[in-house]
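S.K.: Knowing the structure of chain E, use the given hints to seat chain S on it.
Read off the chains here:
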Amino acid sequence: MAINPEYAGRTFEPSEPYEVSRVKIAEFATAIGDASPLCRDRAAAQAAGYPDVIAPPTFAIVVLAGGNARLMADPGLGVNYAMVVHGEQSFTHSRPLHAGDVVTAQATIESIKQIRSMTTMATVTEIRTTAGEHVCTARSTLVERGA
Amino acid sequence: MASPGYHDLQEGAEIAPRQYQVTRRDLVRYAGASGDFNVIHWNERIATSVGLPDVIAHGMLTMALAGRFLTEWAGDPGAVTEFGVRFSAPVVVPDDDKGAQVEVAGVVTGKLDGNRVTVDLTARSGDAKVLTRAHAVVRLPAVPAQGDDPLEPP
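Protein sequence lines, in the order shown, are assigned to chains E and S.
The numbering used here numbers the first residue of the first sequence as 2 and each following residue consecutively.
The numbering used here numbers the first residue of the second sequence as 213 and each following residue consecutively.
Extracted from the complex, chain E is given alone in its bound form (with noise of 0.2 Å):
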């Protein structure tokens, strides 16, 4: 089964809200080798500036694996998660994640593709504050390889 062309366009609902913590970014900076005190040490974040210990830029990806989840997990989008394959990924930051935020992600599929025997699925998202402030606008490709 491949992914269903007819998703195309749509647009999810937000995400249940995600609360940003202190104890995920440093896990996050562990698992990724980042040493920076700003991931870790309020003091030394709010020194340089933010409101509290600030997340590497790839962190969004887990906001939006969160929030992708109902997505990808969607019986009628017929992802066939073990050929999944990740194509392109961009996050455009209006500011760095910082602990205490709280926000959604909003997914868009702009676009379902065949290309010979792979299918790729481009989708943008919007991680907002509840507030509604913008933080993070990220594009994926996804493909999905043929059997």
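Each hint can be trusted.
Using 35 Å as the maximum straight-line C-alpha spacing, the simulated DSBU-like pairs for lysine-lysine come out as follows:
#, chain 1, residue 1, chain 2, residue 2
1, S, Lys341, E, Lys114
2, S, Lys341, E, Lys25
3, S, Lys310, S, Lys341
4, S, Lys341, S, Lys323
5, S, Lys310, E, Lys25
6, E, Lys25, S, Lys323
No lab work stands behind these hints, which were simulated from the structure alone.
M.R.: For chain S alone, coordinates are given in the frame of chain E:
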């Protein structure tokens, strides 16, 4: 690596390459931290059954290492305002203590207002270019940061 200053930085300036090691342990840790438990990143049996050479790294981990390359250069994890990549080849991570090596390098391609620069990156693992079309916008201090950089490896 001392943070560069925007004012003295020239278009075309190269950012010294850095090597990153990626082991199976790193993939498990990244899976937990990111919530991406796709089996192709930890289960060799399933990875090979779907036509991959072995377990492969999360593309997002490779991207994160390239992001680290930029934020450590800038001296601020919040310095990267725009960042996009294409995952052109997988980072294949064998089940040994060495894992895979990823080498990231960069060049400053332009200067923008607000002390920002555009950077093009390359990332290789073995003979493969693992990221292509890797571009970023990075905000730098106006002048070089002073003092010892705690991120400098020993």
